[in-house]
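Starting from the known structure of chain L, fit chain C onto it as the hints suggest.
Chains as they are written, first to last, in our numbering: chain L, 1 to 301; chain C, 1 to 395.
These aren't lab readings, by the way, just hints derived from the structure by calculation. Note that the coordinates shown come from a computational prediction; the quantities given were computed from them, not determined experimentally. All C-beta atoms in this analysis are idealised placements derived from N, C-alpha and C, irrespective of residue type, glycine included. Be careful, since some hints might not be right.
Calculated lysine-lysine pairs in the DSS-like style (CA-CA distance at most 30 angstroms, straight line) [stated by the list, open to error]:
#	chain 1	residue 1	chain 2	residue 2
1	C	Lys103	L	Lys198
2	L	Lys204	C	Lys138
3	L	Lys64	C	Lys103
Interface residues of chain C toward chain L, partial, derived using beta-carbon atoms under 10 angstroms [said to hold, decoys possible]:
#	residue
4	Leu148
5	Asp149
6	Arg150
7	Tyr162
8	Leu167
9	Asp168
10	Ile171
11	Cys179
12	Pro365
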Amino acid sequence: MDRKKFFKTVGIAGTSLVAMSSTADARTRIVSPDWMGMLTDLSLCIGCRKCEWACNEANKLPNKPIQSFDDPSVFQEERRTHAEQFTVVNRFEVDDRPEPVFVKKQCMHCAEPACASACLVRAFSKTAEGPVLYNKDVCIGCRYCMIACPFLVPTYEYADAFSPEVKKCTMCFERFTQQGEVPACAGICPREAITFGKRSDLLKLAREKIRSHPDRYVDHIYGEHEVGGTNWLYISPVPFEELGFRTDLGETPYPEMTRPFLSAVPLVLSIWPMLLMGSYMFSKKREGEAPSTDLHERVDS
Amino acid sequence: MSRPTINTPGLHLLGRFSYSSLLILMLVCPVVAQAQEQDQPGSSHPKLDNQVCFDCHQCAAPTANDPCLKSCLRSRGEHGVGRQPSAEYPEVIIIDELLELYKPVVFAHKYHADMSKMGAGCTECHHYSPAGNYPACKECHDAAVTSLDRPNINQPGLKGAYHQQCLDCHIAWSNTTGCNFCHLSIEQALAGKDIRGEGDSYHLSQPRIKSEARYVYETEYEDGPMVTFYHDNHVDMFGLECADCHQGDACGSCHRVGAIARVKGDLHEDCSTCHDENDCTICHRSSVAPAFSHAAKSGWELGAQHENLACSACHNTARASGMLSSSCGECHQSWEVGNFDHAVTGLALNIEHAELDCESCHGDPLFANTPICSSCHDGDVAYPEDVPGARSNDN
Numbered sequence: 001m002d003r004k005k006f007f008k009t010v011g012i013a014g015t016s017l018v019a020m021s022s023t024a025d026a027r028t029r030i031v032s033p034d035w036m037g038m039l040t041d042l043s044l045c046i047g048c049r050k051c052e053w054a055c056n057e058a059n060k061l062p063n064k065p066i067q068s069f070d071d072p073s074v075f076q077e078e079r080r081t082h083a084e085q086f087t088v089v090n091r092f093e094v095d096d097r098p099e100p101v102f103v104k105k106q107c108m109h110c111a112e113p114a115c116a117s118a119c120l121v122r123a124f125s126k127t128a129e130g131p132v133l134y135n136k137d138v139c140i141g142c143r144y145c146m147i148a149c150p151f152l153v154p155t156y157e158y159a160d161a162f163s164p165e166v167k168k169c170t171m172c173f174e175r176f177t178q179q180g181e182v183p184a185c186a187g188i189c190p191r192e193a194i195t196f197g198k199r200s201d202l203l204k205l206a207r208e209k210i211r212s213h214p215d216r217y218v219d220h221i222y223g224e225h226e227v228g229g230t231n232w233l234y235i236s237p238v239p240f241e242e243l244g245f246r247t248d249l250g251e252t253p254y255p256e257m258t259r260p261f262l263s264a265v266p267l268v269l270s271i272w273p274m275l276l277m278g279s280y281m282f283s284k285k286r287e288g289e290a291p292s293t294d295l296h297e298r299v300d301s
Numbered sequence: 001m002s003r004p005t006i007n008t009p010g011l012h013l014l015g016r017f018s019y020s021s022l023l024i025l026m027l028v029c030p031v032v033a034q035a036q037e038q039d040q041p042g043s044s045h046p047k048l049d050n051q052v053c054f055d056c057h058q059c060a061a062p063t064a065n066d067p068c069l070k071s072c073l074r075s076r077g078e079h080g081v082g083r084q085p086s087a088e089y090p091e092v093i094i095i096d097e098l099l100e101l102y103k104p105v106v107f108a109h110k111y112h113a114d115m116s117k118m119g120a121g122c123t124e125c126h127h128y129s130p131a132g133n134y135p136a137c138k139e140c141h142d143a144a145v146t147s148l149d150r151p152n153i154n155q156p157g158l159k160g161a162y163h164q165q166c167l168d169c170h171i172a173w174s175n176t177t178g179c180n181f182c183h184l185s186i187e188q189a190l191a192g193k194d195i196r197g198e199g200d201s202y203h204l205s206q207p208r209i210k211s212e213a214r215y216v217y218e219t220e221y222e223d224g225p226m227v228t229f230y231h232d233n234h235v236d237m238f239g240l241e242c243a244d245c246h247q248g249d250a251c252g253s254c255h256r257v258g259a260i261a262r263v264k265g266d267l268h269e270d271c272s273t274c275h276d277e278n279d280c281t282i283c284h285r286s287s288v289a290p291a292f293s294h295a296a297k298s299g300w301e302l303g304a305q306h307e308n309l310a311c312s313a314c315h316n317t318a319r320a321s322g323m324l325s326s327s328c329g330e331c332h333q334s335w336e337v338g339n340f341d342h343a344v345t346g347l348a349l350n351i352e353h354a355e356l357d358c359e360s361c362h363g364d365p366l367f368a369n370t371p372i373c374s375s376c377h378d379g380d381v382a383y384p385e386d387v388p389g390a391r392s393n394d395n
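For reference, chain L alone in the conformation it holds in the complex (with noise of 0.2 angstroms):
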């Protein structure tokens, strides 16, 4: 086997190697039934925005009175979540629809979080109860979080200049794992279009009422698939893509397609340097061998 041989080798083997671990960890990908999520029905939203308000309240973020929150005038521009407001309410006029629709929005709390893949430290975790959380304490402020977050859900707290944190949706973590109460906006919403459940219940129970009221929604849970599964759930009365949803990103979770090639870092790392290494040292000792002779053929000639 000469050298040039060997290398094609090793690679060949190496990148099938990285490929066959990448498949074996679709294959095992694991939607916990535990999971608790949310689902969000938007046929029943009708934008008064008190989940704002609640949310505001839960997460000691700066609030106004609710009576407030009851001006439409907010509406006028879509608007995005920001470190100062974890969730947002935006209108969607449909043609042939006489009401608009509103869509609240907030972090998805994807199964497999592509915010927790892009951080450098771990600060963002999948909790085993469902939410996806964030340590404040590892965080470096790299900010790759948001670039990977396909929602464009965490933000930052740029206005802070000595403890700048990144801030999204918790899913009111701490109020149902300890105080035994639904997550704020949940529990305000006046016509329940937000449920707090089980992921696997609230499946079921967006299932029965498409297939009860055909009418009134589409066919589409959206989370249920979308990036490997949310642990939030929306149905609609009209397709996502009409009210700003994002219906491209595919079923792969975003994870999964950097992790060929992530996974190949270590081994790149580790064996080509020793590979390279190797055949430096091992040109360099024939160098070494017969050093004179080539020294004598350059003097003569």
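Showing chain C alone in chain L's frame:
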């Protein structure tokens, strides 16, 4: 392969099943088994072999006429459309169970019940209720749902139930979702206003129905393609109720801006309730038909006093086609001196004439004809040159 028919051993199997189910039922509820010796439960519930009676029924011996179904059943099919006589339901309900942020709601139940008669009746709101038994929302929907120990996430809590049921119609009607539309404002409450029994004022907030006076349809009937329908004639004059034609419509199909409520049933059938179906020319014309004109139909022009009346105000027959005599007294039987204000005719009588009997001047029972002055006066006085009072339009 043809479909299996029931004259196969399957029937035998079916029989065995119902016997075994009967055994189970006898173990679970012996009283029912006794009562149903003539009427096997399997025959009325072929798919519910293993269903326990008390899952659905609250009495021991349900019958077809009195099934005594439980209130909060879901997904067991139709329980029948039901209406209750008005005396049996509450007029106004004060909803004050959930008072975290808003004041109580005065719910004009009577008006909503009246409206529901256009649609599915009481079950329009009291869904999943057996006919004749309409429990309050809170009997099925739990008020305490903000805690995690919620028994069933498929069933909304009380707050969700109220807002889902009420707003589905209110959004369709007027697209208003403002909280104070139903919830008493805090200012009103602070002013100590007694809200009970004020259902009437809430009724007025209902948006008015707008309809075209005339609809012209082009049909494929060659001899008379044009059908002209005067909606206002039918409603205002002929005295039809909305539900006479618009049945099974949701409230919002009429009560909202730009709503077009098409009559759903067969139009020929609906119209022939009053019109002769065999005479196509009543509706089908070659051009747009004129509106109903009493003068053209009967030769008697409705004056200012009569033109706004419904037909039935004078014509007692349902079809309003019965001829009336032209005598005013046929309708105005109670007119006497003292209870008739002559000024409505445009002529206010002076004192001398006000006390006379009608017949003194109006010898003819057709009061529109020229009154006779000569029975009292000499020939030098004559109507209309001389009048027994003052013309009100002179003032």
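Right, here's what the structure says about each hint:
Of the supplied pair hints, the one linking Lys103 (chain C) and Lys198 (chain L) is violated, its CA atoms being roughly 33 angstroms apart against a limit of 30 angstroms. At most 30 angstroms may separate the alpha-carbon atoms for a hinted pair to count; Lys204 (chain L) and Lys138 (chain C) meet this at roughly 25 angstroms. Proximity of Lys64 (chain L) to Lys103 (chain C) is assessed by CA-CA distance (about 20 angstroms); at most 30 angstroms being required, the pair is judged to hold. Against a cut-off of 10 angstroms between C-beta atoms, the interface hint on Leu148 (chain C) holds, since the closest Cβ of chain L lies about 5 angstroms away.
Contact between Asp149 (chain C) and chain L, as hinted, is supported at the beta carbon level, the nearest pair being about 8 angstroms apart and thus within 10 angstroms. The beta carbon of Arg150 (chain C) comes within 8 angstroms of a beta carbon in chain L, closer than 10 angstroms, and the hint placing it at the interface holds. Hint on Tyr162 (chain C) holds. Least Cβ distance to chain L is approximately 8 angstroms, under the 10 angstroms limit. Residue-level restraint check for Leu167 (chain C) holds (minimum Cβ-Cβ distance to chain L is 6 angstroms; threshold 10 angstroms).
Nearest Cβ of chain L to the Cβ of Asp168 (chain C): about 9 angstroms, under the 10 angstroms cut. The hint holds. Taken as an interface hint, Ile171 (chain C) checks out: its beta carbon lies about 6 angstroms from the nearest beta carbon of chain L, inside 10 angstroms. A distance limit of 10 angstroms between C-beta atoms decides the matter here; for Cys179 (chain C) the minimum to chain L is near 7 angstroms, and the interface restraint holds. A distance limit of 10 angstroms between C-beta atoms decides the matter here; for Pro365 (chain C) the minimum to chain L is near 57 angstroms, and the interface restraint is violated.
Taken one by one, the earlier hints fail for this structure at numbers 1, 12, listed in ascending order.
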